[in-house]
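Peer 1: Residue strings, one per chain:
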Amino acid sequence: MEQLTSSLAPPRASPKSNVASSSQQVAGSVAKRLSNELMTLMMSSSPGISAFPKHDGNLFEWVGTIEGPSETIYAGLTFKISISFPSNYPYVAPTIKFDTPCYHPNVDITGGAICLDILQDKWSAVYSVQTILLSLQSLLGEPNNASPLNPDAASLWSTPTAFKTQLMKHYRPVSESS
Amino acid sequence: MNFLDADVPDPTDFPPHSTAPGLRALDGAFRCDICGELYDGPVTISCGHCFCSACIRMALANKQECPSCRKSAGEAHIRPNPVLENVISSWKEARPFILGLVRREMEHATTPQATTDKGTVRKRKRSVENSSSFDTLGSGVAGPSSYPISPSRGPAALLKSPSRPKKPKSAAQEIIDMTVPSSDIEEDETTPPNLAPKADEIVACPICQKHVRYRSLNAHIDRDCKDIAPSFNTVNSWSKIMGTSKNGQNKGKHKKTGSDSDDEYPLPISTYTTLKDKQLKDMLTQQNLPVTGDRSIWEQRHQRWVMLYNANLDKSLANRKTKAELRKDLKRWEEERTRKKKTAITDVKGYQIENKSEFNRLINAARPKAPSRSTIHPTSSPPSETKGPPLLSQLSLTEAGDSIV
Numbered sequence: 001m002e003q004l005t006s007s008l009a010p011p012r013a014s015p016k017s018n019v020a021s022s023s024q025q026v027a028g029s030v031a032k033r034l035s036n037e038l039m040t041l042m043m044s045s046s047p048g049i050s051a052f053p054k055h056d057g058n059l060f061e062w063v064g065t066i067e068g069p070s071e072t073i074y075a076g077l078t079f080k081i082s083i084s085f086p087s088n089y090p091y092v093a094p095t096i097k098f099d100t101p102c103y104h105p106n107v108d109i110t111g112g113a114i115c116l117d118i119l120q121d122k123w124s125a126v127y128s129v130q131t132i133l134l135s136l137q138s139l140l141g142e143p144n145n146a147s148p149l150n151p152d153a154a155s156l157w158s159t160p161t162a163f164k165t166q167l168m169k170h171y172r173p174v175s176e177s178s
Numbered sequence: 001m002n003f004l005d006a007d008v009p010d011p012t013d014f015p016p017h018s019t020a021p022g023l024r025a026l027d028g029a030f031r032c033d034i035c036g037e038l039y040d041g042p043v044t045i046s047c048g049h050c051f052c053s054a055c056i057r058m059a060l061a062n063k064q065e066c067p068s069c070r071k072s073a074g075e076a077h078i079r080p081n082p083v084l085e086n087v088i089s090s091w092k093e094a095r096p097f098i099l100g101l102v103r104r105e106m107e108h109a110t111t112p113q114a115t116t117d118k119g120t121v122r123k124r125k126r127s128v129e130n131s132s133s134f135d136t137l138g139s140g141v142a143g144p145s146s147y148p149i150s151p152s153r154g155p156a157a158l159l160k161s162p163s164r165p166k167k168p169k170s171a172a173q174e175i176i177d178m179t180v181p182s183s184d185i186e187e188d189e190t191t192p193p194n195l196a197p198k199a200d201e202i203v204a205c206p207i208c209q210k211h212v213r214y215r216s217l218n219a220h221i222d223r224d225c226k227d228i229a230p231s232f233n234t235v236n237s238w239s240k241i242m243g244t245s246k247n248g249q250n251k252g253k254h255k256k257t258g259s260d261s262d263d264e265y266p267l268p269i270s271t272y273t274t275l276k277d278k279q280l281k282d283m284l285t286q287q288n289l290p291v292t293g294d295r296s297i298w299e300q301r302h303q304r305w306v307m308l309y310n311a312n313l314d315k316s317l318a319n320r321k322t323k324a325e326l327r328k329d330l331k332r333w334e335e336e337r338t339r340k341k342k343t344a345i346t347d348v349k350g351y352q353i354e355n356k357s358e359f360n361r362l363i364n365a366a367r368p369k370a371p372s373r374s375t376i377h378p379t380s381s382p383p384s385e386t387k388g389p390p391l392l393s394q395l396s397l398t399e400a401g402d403s404i405v
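Residue numbers (full-length UniProt numbering), protein chains in the order written: chain C, 1 to 178; chain V, 1 to 405.
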């Protein structure tokens, strides 16, 4: 949100506008990097994560799935997420949100927004879809309760049975969620 | 499924570690972590991490830290890495060859036949011979049979052998090639001699002796050898360059060898917000860049040009592009961006960023028309605020407003 509003500021009044325009990258090379990532993701077969472009011909919108890591409260659940790449990717982080409702201290239960530092100020150009998905997967098991997006979930985290009840109340299996 | 049809050369072209130890990792190690391509003009920053010059310049423009380790870094820390550049040039040549070898090896493994097996054996033998000639050349400590397991000799042979039938690319490689004994030339007879230079190879222009890429040689001659970098110039193009450069510090360029890159200074990074339109325009004309479009296009064009230009200087002379080629790259970049703009509605955020000046203009134009509602915050203006005449411009404004809320 903050990024959006600042991008609408008059170009010459905002010191950020300079950076915003500098980070524009060749669309062709972004597509190249994205198809490279897709290939890596397909070939590496990381357990429990996958992602693929939503539509043919548009490499900038992906849909991914994350399986809850075993031995966590999310074990056995699968979450669908959507990934949207900006035109100046990888210099700017992609926008990611949960499509499957995810009851989690750092996930907005209605909008699916995720509070994860590497998706905001700690983003780095060397991160990829794969690193994001792996981070999200580990975030499921190890939430950061200090900065909760869902305070209810954060306070319930210490009582797993109550948490699991809430989690299952909101959860919808992937096939129904779209 | 068309994404998977595209031929994307990446480390997974090589079989996994269990089949071909190290090869996939090797190809991965030669790639920039930002773009995923083989290093193009590799540079090192203060923490020691390597990136393509253009990639790290773009990243540092966003954030002044190493993308890999987050140590603080700036443009001033960028140092060219010519050794790695040489390695990459050699790897680019060796890669298809090694892939071919690997593929053949895999075929033998899956369909073991007497005849093909023989082929493998011969192949192996030859590579052993290769190494033996190299051994006598070098230290000569290890016997030939140690080649396949000796890790220290591997990369050296890899560096040398593919470049042998070709013209030298740089001084370093030239030295290696000069010391190659006659036995190596005999070996060349076993592989078909490749007489025609490759498109990317640097050849001397038959007219002006300037080193140009074979691919651009014809164009170079068509232009009467005039597109030349300052160091190899004729009087003609001299006056041209003197005319466009701001200070006449173009002295001492009568050297003929390619070592006088000292007159190729990087362009300074400008803060465009403090510049007047005229100044910015002058900066563009100074670099022989077009001044079409509005101010934001000028800024982006100049910024991108500075980036491309400085990144190009980080490459060794042989790998550098001419200014004309760089201008072509810049043009392609602008074309791709305008093409993207037309289809950009799918990428709402990018579309907004790209068109922010236009949106601002529309918002400012729309504001007086809207009934005065002082309580509404400008950035969170709901679509209802823009209830004016149903113009097309108003529609796009509504769209922008929607996605903000």
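Think of the hints as simulated: they come from the structure by calculation, not from any bench. The C-beta atom is built at its ideal place from N, Cα and C for all residues, glycine as well. Be aware that a few hints might be false.
Reference listing, derived: stretches of chain V covered by chain C, where coverage requires no fewer than 3 residues with Cβ under 8 Å from a Cβ of chain C [as the list claims (entries may be wrong)]:
| # | region |
| --- | --- |
| 1 | 51-62 |
| 2 | 283-294 |
Calculated lysine-lysine pairs in the BS3-like style (CA-CA distance at most 27 Å, straight line) [stated by the list, open to error]:
| # | chain 1 | residue 1 | chain 2 | residue 2 |
| --- | --- | --- | --- | --- |
| 3 | C | Lys32 | V | Lys281 |
| 4 | V | Lys63 | V | Lys315 |
| 5 | V | Lys92 | C | Lys32 |
Here are some of the chain V residues that sit facing chain C, going by a computed Cβ distance under 7 Å [what the hints assert, rightly or not]:
| # | residue |
| --- | --- |
| 6 | Asp10 |
| 7 | Pro67 |
| 8 | Ser72 |
| 9 | Val102 |
| 10 | Ser270 |
Peer 1: Can you tell me if the region 283-294 of chain V counts as covered by chain C, using C-beta to C-beta distances under 8 Å and a minimum of three residues?
Peer 2: violated (count 0)
Peer 1: Starting from V/Lys92, check that the Cα of C/Lys32 is at most 27 Å away, please.
Peer 2: With a Cα-Cα distance of about 18 Å, the restraint between V/Lys92 and C/Lys32 holds, given a limit of 27 Å.
Peer 1: For the hint on V/Asp10, does the least C-beta distance to chain C fall short of 7 Å?
Peer 2: holds (5 Å)
Peer 1: For the region 51-62 of chain V, do at least 3 residues have a Cβ located nearer than 8 Å to some Cβ of chain C?
Peer 2: Since three or more residues must qualify, the claim that chain C covers the region 51-62 of chain V holds, with 5 doing so at under 8 Å.
Peer 1: Classify the hint on V/Ser270 as holds or violated, based on whether any CB of chain C lies nearer than 7 Å to its CB.
Peer 2: violated (10 Å)
Peer 1: Measuring from the C-beta of V/Pro67 to each C-beta in chain C, is the shortest one below 7 Å?
Peer 2: holds (4 Å)
Peer 1: Holds or violated: V/Lys63 and V/Lys315, Cα atoms, limit 27 Å.
Peer 2: holds (23 Å)
Peer 1: Given V/Ser72 was flagged as interface, is its beta-carbon under 7 Å from a beta-carbon of chain C?
Peer 2: Hint on V/Ser72: violated, closest Cβ of chain C at ~13 Å, above 7 Å.
Peer 1: Does the nearest C-beta of chain C fall within a distance shorter than 7 Å of the C-beta of V/Val102?
Peer 2: This hint is violated: V/Val102 lies away from chain C, its Cβ roughly 16 Å from the closest one there, beyond 7 Å.
Peer 1: Tell me if the straight-line CA distance from C/Lys32 to V/Lys281 falls inside 27 Å.
Peer 2: This hinted pair is violated, its Cα atoms lying about 33 Å apart.
Hint violations for this structure: numbers 2, 3, 8, 9, 10, all remaining hints satisfied.
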